[in-house]
Each structure stands twice: as C-alpha cells, then as structure tokens.
Amino acid sequence: MTKEDLLMPRFAENADVSILICCGTRCLSKGAVEVAQAIQKAVEASTKNVAVKLETKCTGCQGLCEFGPLVTVEPADVLYCQVSPEDATDIVESVGGSPVERLLFQDACGRRIVTRSENPFYAGQKQLVLDLVGKIDPTDIDDYLRNGGYRALAKALEMTSEQIVEEVIASELRGRGGAGFPTGIKWKTALSFDNYPKYVVCNGDEGNPGAFMDGSIMEGNPHALVEGLAIAALAVGAERGFFYIRDEYDLAVEHVQAAIDAAEARGIIGDDVLGSGRKVSLEVVRGGGAYVCGESTALMRSIEGKAGEPTAKYIRSVQSGLWGQPTVLNNVETLANIPRIILEGGKAFASLGANGSGGCNVFSLAGKIKRTGLVEVPMGTPLKVIVEELGGGARGDKPLKAVQTGGPSGGFIPADQMDLPVDFDSFSKNGAVMGAGGMLVMDESDCMVEMARYYVEFLSQESCGQCTPCREGLRLMLEILTDMTEFKGCEGDIELLELLGETMKDTSLCALGKSAPVPVLSGIENFREEFEAHITNQRCSAGTCGKHRNAR
Amino acid sequence: MSKEPYKVLGIVAGRTMGNAEVLLRESLMEFDKLAPAETRIVRLRQLDIKGLSGDFDFLADAAQGGDGILKEDDDFEWLKEQILWADVIIFAACAFRYMPPSEVIVMMNRALGAGQSYIEACRAHPKFVGLIVVGGTNTMNYNLPLQYNALHAMCHGFQLVDQFYANWIRGKGHAVFQEQHLEQSRQLAQRILHKLEGYAVPEIKTRIMKLNPLEHTDDKFINLEGCPVCHSTVVHMVNDPLTLGQFTCSICGAKGRVEYHGGDLTYVWDDDSVAHNRLHADHDAQVIESYARAHALVAGEKTEVPEFPILTPENDPTPVKPRILALVAGPKNGTSELLARQALAAATQDGRFEGAILRILDYKIDGCLGCLVCKVNKRYRDSIDECVLRDDDRWVVGKLLESSAALFSVDAVNGFTYGQIVALIQRFGVNTRIAANGPQKAKRAWATIVASFDDEVKNATYATGKLGRYFCNPSLKVAEELLTNVPITGDGILANASALQQAVGVGRALASALAYTTAEPPLTGLVQRYNSMCPSCGLDMIELRSDMTVACAECDAEGEFKHIFGENDIVWDDYSVAHSRVTPFGVKLHVKHTGFSQSEDRDMLDDPLILSGQLAPYIEFGKVVMPEDLSLQPAWSDEQRTKVEKIIFSYPSEERFSLAIMQDIQNACGYVPKEAFPHIAEHLKVKRSALYSVATFYKSLGLKERGKHVIRVCDGTACHMGGSLVLIDQIEELLGIKPGQTTNDGLFSLELVKHVGSCALAPVMMVDDTVYNQVTLEKLEKIIADYRAAENDAVKEGELS
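Protein chains in written order, with the working numbering: chain A, 1 to 552; chain H, 553 to 1353.
You may find that some hints are simply not true.
[What the hints assert, rightly or not] On the chain A side, residues computed to face chain H include the following (Cβ under 8 Å):
(1) Arg26
(2) Ala179
(3) Pro209
(4) Asp247
(5) Ile303
(6) Ser364
(7) Ala366
(8) Glu444
(9) Asp506
[Claimed, not checked] Think about it this way: if two alpha-carbon atoms lie no more than 20 Å apart in a straight line, the pair counts; the simulated EDC-like pairs of lysine to aspartate or glutamate are:
(10) A/Lys370 with A/Glu388
(11) H/Lys1195 with H/Glu1227
(12) A/Lys57 with A/Glu304
(13) A/Lys514 with A/Glu502
(14) H/Lys1237 with A/Asp90
(15) H/Lys884 with H/Glu731
(16) A/Lys306 with H/Asp1216
(17) A/Lys3 with A/Asp261
(18) A/Lys57 with A/Glu74
(19) A/Lys306 with H/Glu1206
(20) H/Lys1251 with A/Glu304
(21) H/Lys951 with H/Glu906
(22) A/Lys306 with H/Glu1207
(23) H/Lys1239 with A/Glu304
(24) H/Lys602 with H/Asp626
(25) A/Lys53 with A/Glu166
(26) H/Lys916 with H/Glu624
(27) H/Lys1251 with A/Asp250
(28) H/Lys1251 with A/Glu457
(29) A/Lys57 with A/Asp16
(30) H/Lys873 with H/Glu841
(31) A/Lys398 with A/Asp425
(32) A/Lys347 with A/Glu166
(33) H/Lys1290 with A/Glu457
(34) H/Lys602 with H/Asp625
Hints listed in this document are in silico derivations from the structure and should not be mistaken for laboratory results. Backbone N, C-alpha and C fix where the C-beta goes; we use that ideal spot for every residue, glycine too.
Required output: the full structure, derived from the provided sequences and hints.
Set out below in structure tokens:
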C-alpha cells in the first residue's frame, strides 16, 4: 500500500453540521458527559436529521474553561457557554435557525456574542496548536486524518535527517518546556552523535501547579504529538520514543495510548512507518507524581524505573541520556508544533513570532482573572493583551497586582510591566521567567509573602534531597517565610533570604534547586515594601497573613 | 447423599508462581474439575521453619518415653495441622543443584522433632501423594527420592500414587507452554482421584527426558527403574568386589541385585528387605531406639582430643601455614566436632599445617532464591559477590576458599544432612564462583566424616560430596569415613577407640594429600575404586534405568550392566565419563545446555502478552494458605495477592517497569503492600531496596493502606489562592483527619495534591476519581454527607440480605 492509501480516512465525513462538545478535564468536571449524552439523544430524536446531517463530537479543551461546559456548532461557529443537559433539545433545534440566546457568551458590556470569531477571548488568538484540540475527536484517528493528519510525517519521510533538522532550525522554534532552548539545535546535536540506539522522549510531566496546557493538548490532539515525536525520531535517527505523562492525567494517558495504538494499527508508525521500512515505536510511561521528574535527568531515571533523582549535567542528555544513549527530550507543546513546521516550512513559522522566538505560545490563564482558560498567541504579543483583552482583566474589577509566570520556580511580573512582549528573550532580559506557559493573575487580595512561602513550601516538599543547597536552603527559607507570614519575622530576614537564594542559584545540582529561590527573589525585588511591612509593622495588605496561619 | 469434598493440599517449594507452582496448580485445577475438592496451597518459602540447631534433647526425651517434640517459635506446628487436614498431598518442588531447594531439607530436618503422637496421627490417616519435580536442565537424578524422603519425614505412612520429572523448562513460568508436562500434571491428579475412588491405578513409571530439546526435535524419555517400595530410582551400590551387582535403595533400604537369566539381565528385589523396609510403621520407633542405643555410654578408656580454634567473624586469624578447615555440622562439642578435632590433630601432628574449625550450624545461610541474577546478569560475572542475598554465606565460602584442604565432618539426620549444608551447596553452586574457583582451578584435598546414631549415613555423602566437588578438585577426595550407630551428641565417643582411629586415618590421608598438592604434580586416584563406583566422580550412587543402563547420580556419567566372566558388573561409557558434569568439559557442556546464554529464546518466551495470558488462569485459581500471624495482616488478602501477582506477571522482566507495576498495584489495592516487594523484585530481577527507594520517592505510591474513599484536595497555586487551606480546615472539622490520615472507621483518607489540571476552576478536590470544582464550604459538606449516606445504605442493604 502506498502512503496515500495508508493516510486515507476509513470513513469519509458526511455530516453537514457538527456539534462539538468540549470534553476537556475541566468541562468534564462540570458535567460535560451528561451534556454530550443529552445532545446525542436530542439529535437522534430530532427531525432535523433528515434535512441536514447532524453529528456530535466530543473534543478536547475548547479554551474558555471558566464558562464550561462549552458547545460549539460548526460550521456556523456558534459558541454556547455553561450548557446543561436540559439545553440539548434547544441547541439541536436551533441548527440552521437563530441561535439559543440565553446560552451565548456575554461580553463585558453584557452583549450576547454569537460566533467564536467575534468573541474577544478567541479573536485575539492565533491558534496553531489549539486549533485542532477543540475541533476533532481525539479518540478518532480518521478525524485527525481528515484534517491533514500525518501528512507531515509522510513529508518528513521523503526528507533526509539533516533537511528536517534544518527546517526546524529555520523555524526558530524554542523549547516550550521553559528553558527556551532552540529545538533545532538540540536535534542537530543529537543527530551528530554516532551512537545507537537513540531515544526521543516527550515530556508530558506537567508538574507546574497553575499550568494545564500540556495536559489539554495531550487530551485533545494526541495524534499531533505522536506525529511530532515520530518526526523527531526520524530526524535524529531514533527508533524508540517515550511519552512520559504524569499519572494524575488519566485522560491524557488514555488518549495518547489510544492514539499510538491506532496509528500503529494503521501502519502509520511501528515497524514499517508508512511503508518506508523505517521503524519508530512509541510507548507511554506514566510518571509517579514527582515535580522534580520534569527535570530532564530525573525524568530519564524515572523512565528507567528508578527513583527520579537528577544527576549532574556534565554530559548533556542529547549525548548520554536514557540508558546512557543519546536522547532528545522535548516538551509536549514543542512537539505539537513540529507537524506544522514540516508542512508549511520553517520560515513561515518563524515569521509568526518575534524576537528570535518562532510561532505562537499557549498559555493557561488562571487565578483572579475573569475568563480562565487556554489561549494561544503569537510570540511577542504584549502581556497586557493576554491579560486584559483575552482574559478580560482581574476578577471583580479589582486592581491587578501581578502576573506570576513560569510555575513554582518562576517569578512575578508586577502590574506596571504589563507592556512586556511575551517571548523568551524579552522575558529573560527583564528578569522574568517565561516558563512553560502557566499564567496566574493576582490581585490586591493576594499576599506576595504568602505566595513566596507557598512556592517554597511546595518546592521543599518536591526537592529530591540529594544536594545540600536545595534541601537545606529551601528548609531555611520556608522557616523564615513562615515566620514572616505569622508576623514573627525579624530585622535582617530579607537579606538572609537574598543570600540564601543566591547561594542556591550558584551551587544547586539541578534546575529545580537553581530556580527554586526565584519566586522569593523576584517577590522581594518587585514587592520589597510588602515584605518589609510584614516584619516591621506586622501588617499584611492582602489580609491573609497572621490570623489564618494556624491552618497547618 | 452428597459426598464431602476431598481435601487436597498442595505443597510447593521454589519460586512464587514458578514452574513448580504452575504444574502444581494445573494438577489441583484438574482435581477441582473432576471431583468436589477443597484445595489449599502452602508455599514452603513463605513459612518460617527453623532448622536443627544441633540440640537433640528432644530425642533424649523421646527415648525416655516422652513425645519427642522439638518446640521452636516457628510455623512448623501450623504446617503439621495442614498436613493432618489433608486427604491428598501434591508436593511440587524445583531442582537446584540436583537437589530439592534447601527449604525442603530444612523441613525434613525439622520433622525429626515432629513428635511421636503426630507420627501416629499421620499413620492413622494415610494420604495419597503425588510428587512433581521441575527443573531447567538435563538431569535431576536424585531429586524425587530426596523429595520422597523429605515428605516421609513430614508425613509418615503415605501412599505414593504418581510422580514425575518435568525438566527442560527454562524460564520462570514457562511450564505453561509445556503441554506434555501439563498433561502429566493432569494425569497425576486423575490417578490420585481414581485411587481415592477405589479404582485400579497403573503402576508408577518414572520417566525423564534426557535429550536437549534445543538440538533434538524429538522428545525422548528414558524409563527409570524404581524401588518397589518407595519408587526411588537411585540406589547405592554395595562397595565390595565380592558382591558385584548388588545394591540398596537409597531411601527405604530395600535390597536388590542384577541377575542373569537366559541371556538377559534383570533387576531382582529381595522380598525380605522389601517387606521390612525403613519406611514401614515398625521402624518409626527405631530412630528413637537407635538414638538411645547409641547414647548408652560406651565403656572404655577416654582419650583426650586436642582443641582447635573455632573460626567466627570476630575470631578470624589469617592462616600462617596451609590451613585444613574442618566444616562441622553437628552439636557443639558433639561427635562430628570431636572426630574432626581428632582428624585435625593427626593431620597437623608434624607442624606443617594448621587446623581450624567452622561450626556451620551457627551461621545463617539462606537457600538459593533461583533468581538467577548471578547467571543472567553479566555485570556480576567474574565477581565474587554475585549473590543478591546478604547473609553469612559469603564469609563461610570465603573461609573455605582460603583454606588449603577441607574436612567435612557432618551428622546424618533423617537419612540426609542439615539444610545449611544444602543451602551452602546451592548458593555455592549456582554462583559463578565455580568458574573462578571451582573444579578447574582449585587444588584442594578434601575428606568426609559422616556420623549417625542410626545406620542411614550414605545419603549424607551425596551432599558432602557435592560440597567437596564444588569446592575442590574431585580427584582429590582423599578419604571418606562413615560411622554408624555412634552417639552424635559427643557423649562417650571419646571412649570409642575404633571411631577415633578412623578419624586419625582421615587426618593422615589429608596431610599426605596436602603435602602432594602443595608440590607438583597434583595427586590423583588416592581413593581406591571398585567398578561399581563412578569412575568420574567416585560416588557409588547410581540411577537405575529399565534398559539396564545406569547413570551416576552426581555427575551423570553413564554405564550399563553387563554379564562379564560370570559377573554382573557396570561397564562405564568412556565418553560420558570424560564429559561428566564434574569434568571441565562437562561444566562447559552443562552451562551451554542450561541455555542461559541463549537470550533470544528467553526474550521470546518472556513476551509479557503471551506469558501473562497463559499464566492468568493459574494465578486466579486456588487459595494459598499461610500461618495465622501472616494471614492475619489485613495487608495481604488472598484477593490482593491474586491481583498483585496478575499485575506483576503482565509486565516483562525489565527494571524500567518497576514504577508502572507499583502504580498498577496502587490503583488496584489503594496502596503498595509490603508483601508485594519480594515478588516484584524477583520478577524484575532488581533489589528490594531499589524498589523501596522508588516506592518512597514518588507521591503517587503509598505504603500504607488508605480509607475506602480518598479525598484529594488540590493545593496547586490557583487552588491555594482560591482557598484550599480553608477546605482542609473544614475537612478536619468534619472528619477529624489531617492530610495523610484516615478516619477511624476507615471510610475516608485525606491527601493534599499539587495540581490536578483543573486550575481554571479552582479550588478543586477529588473524591476517588470524581473531580469537584469550585468547591465551597456548603458544597464540601454536601459531598461528604452524600458519601456517608451511600455507605450507610450499603451497610443496611447488607444487613437486610
């Protein structure tokens, strides 16, 4: 069979109207399953089916989580919010006619907005990765194939390894896991080693509290990742790949595993990739719920079945990773971009971004913001646009205080720096941490000392305890910060925190320890007066410290 | 009237869900299918049975009319109950070093102190028995007889119905692919059932597959000739040129000979000795009588025996002169030790050598686990520390290797020797130390003294012989003295001039041999050989086969009974003698045949999908019973064991699956029971400590049992900002538990988690797998109340029904 035959969807699409029910983790917890069942029933019962062919689909995350469960009607592009099973009949009957008014999204002025393209949350986005996440049925390989799936893999098979790597270098794609290392360069290095077998690994261990984009991509479009990882394997000359997915993401594990099985059954990957004779076999490894396993060396030890303790990186894992062999480790979002780069060319991808970061980036918005959810914007978009235009600003119209990016070991961006363009270089120039893409918005009711204490507590629990600066440094920091939140701090504590932080940055073994003091240092740098007020005046402007501290 | 179900007890020695257990379960399943039966499985390795420590006071008690029970703090009493319960016993064991695993021997030793009333109870309710021996290699000659002997010690008066060897099963659990052996297992069950129902059962024909199935496509079975009483296929040749062709059954003592009639040779068993064999009820009391007789003081002049240093890890001087080490297995200052001292005195008389004593019964030597880490794992090759078990074995073996000559002075107890000796052999043998220090390289002289209070001493030489052969060059066996009917506790042996004189002879032989071995050329052939002794290893125990051929029980050299010059004698086959297992050629051949090098084949069979699919029904079947103190622990219910074993065997044997296995167990059981660790470690061939480090590192794994419902409150950043701590406080108020604790009624456990992926809808909590978002205090109370109500309903329903 030819490649084309293999990539042919087994069942052609024949529906005129698709009703897409968001079945991402968050909508599921709001009862999306019941909604889907009700809509399916309503479609079966409806007489509409004779005139227009209707189908229902359960898709991945559609983005606007705050207002879930979400339902989109295609091709009219109508978005319904907070749908309950009772609304099913109305939605189905409205197809072809006027939309159900009461379920439409309401903007800040109270206007009802019908389509997604008019919706402020979606209008400012450019969706490269999220596009299909909210559109296709993740458990159906044919749906992916109908949307141009696995064409990039077919194209990559006709290219040499060097050509693929060159294309990725040209795309200026930077690792979306947080460090922002150019993906093409990483692949090139791995390709240069003549030591087989090599491995490729997809890091789906999204441990950052506050971030959920990787999980959503894995749930919503697992085939793109299978395709991306398979291309990575072709590019570096690997035959085996692993998805390392955190165990708490049940749905992601299930969908990725199903995608691998389906692709293998169709001969798209496996022992004979699309009839080319190449071999790429992929498997899923479940993580064990350790934050440190997001660190590359720890992750690899975890795949080897050992405790996930990081090792010193004298030799990078592209040279000596899994079982001592060259290993390429890429983040979920990075790999999800690969098929597009191969299909549309690196140049086109690079032109979407700015300042040396190609393409778009996905952010998860959470915290004190009106519209929480997933957004994807081109690199270089100012922070303000994301927070205010897409997210609708702080909840309850309270003044915004800071945006926290980069997870527990990321920093705070105070409200006066909202013009900062979102890309790796601009962020690091300004001392902020881009991170994987979690964005937490904080308002006046959030205490920075408490946030710093919270992050340090989190990290001290997650520190693997191997090296002294990280283990003991975090323990000391936690003691000091806890004292401060209980108004028991004393003169010189802030300076001691700074000293500890610098030491940890310089001497810790792995990235976790090196970046662990960042939230404290960044907090002190931007909100020093708040820290001082806790010590000298025993006062907390947010009002969360002092009395509540007996909680634990 | 419905019949009461038959009570069938399966006893298994070897690995958990190893091949012995698979075949045993196949038998039990067949039994269960054909007749109403209650089946139980006892895994000997899971029991704590203490071996003999060298204290024989219980026998002295029996000699004075007491019951003769040896009381220890172990599971032996429980095992006795299980055996008395059964109508049928099916005993399956694997083969290590051509012997049953040491736990079988320990059980056999321990049975000496079972007590007279227990023996009578066994005799009063005779059981039907089937024996299964499983092994990975060509020969297991002496396994079935030894297993029979062990079971006899444990359960007097049983009737053997069927027995078979299942050899050439090469990987763990691979018995499921061996249809012929599965068929034998089913036949065994059918025969026992026929016997129970009173039908005629065909005579026992023991067979063994001799050819390497890798090289020959046809399975070729060799029919063995069994003793008419105990069906032992191994006999002792009578070592005398005047009695060529005469032999004694190694287990029951029945006598036989080879006779020549009309051009054909046949085995003829002596009716009188068959009728008065050692297994007969009349002989039960004889052990006690022998003990009493032997310990009646021997009159005569007492001799002084010089003292020698007793080696312990604390008192462990480096030898100054070539050392003769006496490995003593017996009571402290008992006969074995006194004779060893006498022999050492004779050997060190001229001051060229020094002597030392090592009391093996003082040390802990665990039996081989059969994990094969030492063989499979290349990292361990050519290293002296290859065994994963950490006990006194290393030290003891180190002492043996350090010495220049060895004297094995052991007691024979119930027809064999102590479990420690067997464990030492099995550990020593499996280890690749053989290659480094074994027959090819070592030049050490060795001698044996075996003493017993009764007349069953020969079998013990099988064990000491192995010890010698693994430790030394076989050709340097310089002396072997067997002392029967002597006291073993040391009383009066100093007055037994002839015994002491025998020991002196052993010592002198050792000294003169050592004088030769320290100079070139090495000495050979000190032991005078008769034809009936194996020319390759010098043992006089042979396996009888129906076609009048024989094989040496130790080294597998082959021969044939021939009628020559009017005598019936064994003619040994030159090729097999030169390639026997104790020769360098044989060692190589043997390593090749065991097939461990043929990794491809193993990989194929280790395919998890094939193997686990086949194993699943076996794991599900049956009830493994354990002593109270073990089964009382709620941690390890029968259901959990089944679940856990199914999970473990569904993964290939690779270290990288350790996390996945434990996660599956966590999901299935709610925690990782500590009993699961040895099983996982065994399957993945990793150390338990490594598994433990994994289990304690990852948050998703817990070692403690949790409540029925697990409440997980997310304390990720968004939820923290959304007030997760308030939820925690509220839960503490409602249920009285803090994170990491479980309510007293076992209904709820509380855990803090970081991040469940629903940050947009903070605060989030989960109960079991259900996610609740944007939780408020009212919502929380309702959720908990709902779970409570559901539980109460379930309880009520249970009460009503």
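To see whether the hints hold, each was checked on the structure:
1. Arg26: holds (5 Å)
2. Ala179: violated (20 Å)
3. Pro209: At about 3 Å, which falls below the 8 Å cut-off, the nearest Cβ of chain H leaves the hint on A/Pro209 intact, so it holds.
4. Asp247: For A/Asp247, the interface hint holds, since the closest Cβ of chain H sits about 5 Å away, which is under 8 Å.
5. Ile303: holds (6 Å)
6. Ser364: It holds, given that the least Cβ distance between A/Ser364 and chain H is near 7 Å, below 8 Å.
7. Ala366: holds (4 Å)
8. Glu444: violated (12 Å)
9. Asp506: violated (26 Å)
10. A/Lys370 with A/Glu388: holds (9 Å)
11. H/Lys1195 with H/Glu1227: Cα-Cα ~13 Å, so holds.
12. A/Lys57 with A/Glu304: violated (38 Å)
13. A/Lys514 with A/Glu502: The given pair, whose Cα atoms are some 9 Å apart, holds under the 20 Å limit.
14. H/Lys1237 with A/Asp90: With a Cα-Cα distance of about 61 Å, the restraint between H/Lys1237 and A/Asp90 is violated, given a limit of 20 Å.
15. H/Lys884 with H/Glu731: Distance of about 50 Å is beyond 20 Å: violated.
16. A/Lys306 with H/Asp1216: holds (16 Å)
17. A/Lys3 with A/Asp261: Roughly 18 Å separates the two Cα atoms, so the pair holds.
18. A/Lys57 with A/Glu74: holds (11 Å)
19. A/Lys306 with H/Glu1206: holds (12 Å)
20. H/Lys1251 with A/Glu304: holds (17 Å)
21. H/Lys951 with H/Glu906: OK: H/Lys951 and H/Glu906 at ~14 Å, within 20 Å.
22. A/Lys306 with H/Glu1207: holds (8 Å)
23. H/Lys1239 with A/Glu304: holds (14 Å)
24. H/Lys602 with H/Asp626: Holds: H/Lys602 and H/Asp626 sit about 6 Å apart, inside 20 Å.
25. A/Lys53 with A/Glu166: violated (45 Å)
26. H/Lys916 with H/Glu624: This hinted pair holds, its Cα atoms lying about 16 Å apart.
27. H/Lys1251 with A/Asp250: With Cα atoms ~16 Å apart, H/Lys1251 and A/Asp250 stay inside 20 Å; holds.
28. H/Lys1251 with A/Glu457: holds (15 Å)
29. A/Lys57 with A/Asp16: Roughly 13 Å separates the two Cα atoms, so the pair holds.
30. H/Lys873 with H/Glu841: violated (44 Å)
31. A/Lys398 with A/Asp425: Not satisfied, since the Cα-Cα distance of roughly 31 Å exceeds 20 Å.
32. A/Lys347 with A/Glu166: Satisfied, since the Cα-Cα distance of roughly 11 Å is no more than 20 Å.
33. H/Lys1290 with A/Glu457: Holds. H/Lys1290 to A/Glu457 sits at ~17 Å (cutoff 20 Å).
34. H/Lys602 with H/Asp625: Holds, at about 8 Å.
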